[in-house]
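Q: Each chain, written out:
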Amino acid sequence: DTGVSQDPRHKITKRGQNVTFRCDPISEHNRLYWYRQTLGQGPEFLTYFQNEAQLEKSRLLSDRFSAERPKGSFSTLEIQRTEQGDSAMYLCASSSGTIGYTFGSGTRLTVV
Amino acid sequence: RKEVEQDPGPFNVPEGATVAFNCTYSNSASQSFFWYRQDCRKEPKLLMSVYSSGNEDGRFTAQLNRASQYISLLIRDSKLSDSATYLCVVNSRDYKLSFGAGTTVTVRA
Numbered sequence: 019d020t021g022v023s024q025d026p027r028h029k030i031t032k033r034g035q036n037v038t039f040r041c042d043p044i045s046e047h048n049r050l051y052w053y054r055q056t057l058g059q060g061p062e063f064l065t066y067f068q069n070e071a072q073l074e075k076s077r078l079l080s081d082r083f084s085a086e087r088p089k090g091s092f093s094t095l096e097i098q099r100t101e102q103g104d105s106a107m108y109l110c111a112s113s114s115g116t117i118g119y120t121f122g123s124g125t126r127l128t129v130v
Numbered sequence: 011r012k013e014v015e016q017d018p019g020p021f022n023v024p025e026g027a028t029v030a031f032n033c034t035y036s037n038s039a040s041q042s043f044f045w046y047r048q049d050c051r052k053e054p055k056l057l058m059s060v061y062s063s064g065n066e067d068g069r070f071t072a073q074l075n076r077a078s079q080y081i082s083l084l085i086r087d088s089k090l091s092d093s094a095t096y097l098c099v100v101n102s103r104d105y106k107l108s109f110g111a112g113t114t115v116t117v118r119a
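Protein sequence lines, in the order shown, are assigned to chains A and B.
Each residue of the first sequence is one higher than the last, beginning at 19 in our numbering.
Each residue of the second sequence is one higher than the last, beginning at 11 in our numbering.
There could be a bad hint or two in this list.
Unchecked claim - Lysine to aspartate or glutamate pairs mimicking EDC-like chemistry, simulated, CA-CA at most 20 Å apart:
1. B:K52 x A:E74
2. B:K55 x B:E66
3. B:K52 x A:D25
4. B:K55 x A:E62
5. A:K89 x A:E74
6. B:K89 x B:E66
Stated by the list, open to error - Here are some, though not all, of the chain A residues that point toward chain B, as calculated from beta-carbon distances under 10 Å:
7. Y66
8. N69
9. L73
10. L78
11. F83
12. A106
13. Y119
14. T120
In case anyone wonders, no lab produced these hints; they're calculated from the structure.
By construction, the Cβ of each residue, glycine as well, lies at the ideal position given by its N, Cα and C atoms.
Generate the whole structure from the sequences, applying the supplied hints.
A: Okay, here's the thing in structure tokens:
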């Protein structure tokens, strides 16, 4: 499968716990994006990498959120001290240019 | 003001009908435009790019009006399988896409 892979597909965690998600982009894509989507809304931009460099972080990304792409390949998104408001679908996408993205299946986070 | 605004619908149409909806975007410097389709609890998937001269892809026709900053999508001869949420997407800078909240279309038998 040469698509974008995300792991896990679902995560239920207790408030206050830390969680980490992984994204494996399409191998030849140098750009990787994280988005968050809540019910009834479109995906909202969180952060973006070109190769290993994190070029932008949204104001939505509080200090509890951190993302890495250490070798310019896979990426991780960590949320510390989760809150109920963090419950959402976290989507990873990759691209090689500006002509559309390919999204992964997402990680659905539920904070209880 | 959101970068991309869409009528949320829902648009409830019978099979075989034509349905059309549009979105508006706020950044006049936007360069690229797309429609994505999203099925319930699935990831968005690229439906089609939108070009300045308008373009068709089978039963789907997209139009762009740069002067008024709106994009439209028309679906002809609707199929049950067209039931989905359609996301209007704008490239505001060279690397980031901005998504509307989506328009829900339900095609009934």
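Q: Which of the listed hints are not met by the structure?
A: 1, 8, 10, 11 and 12
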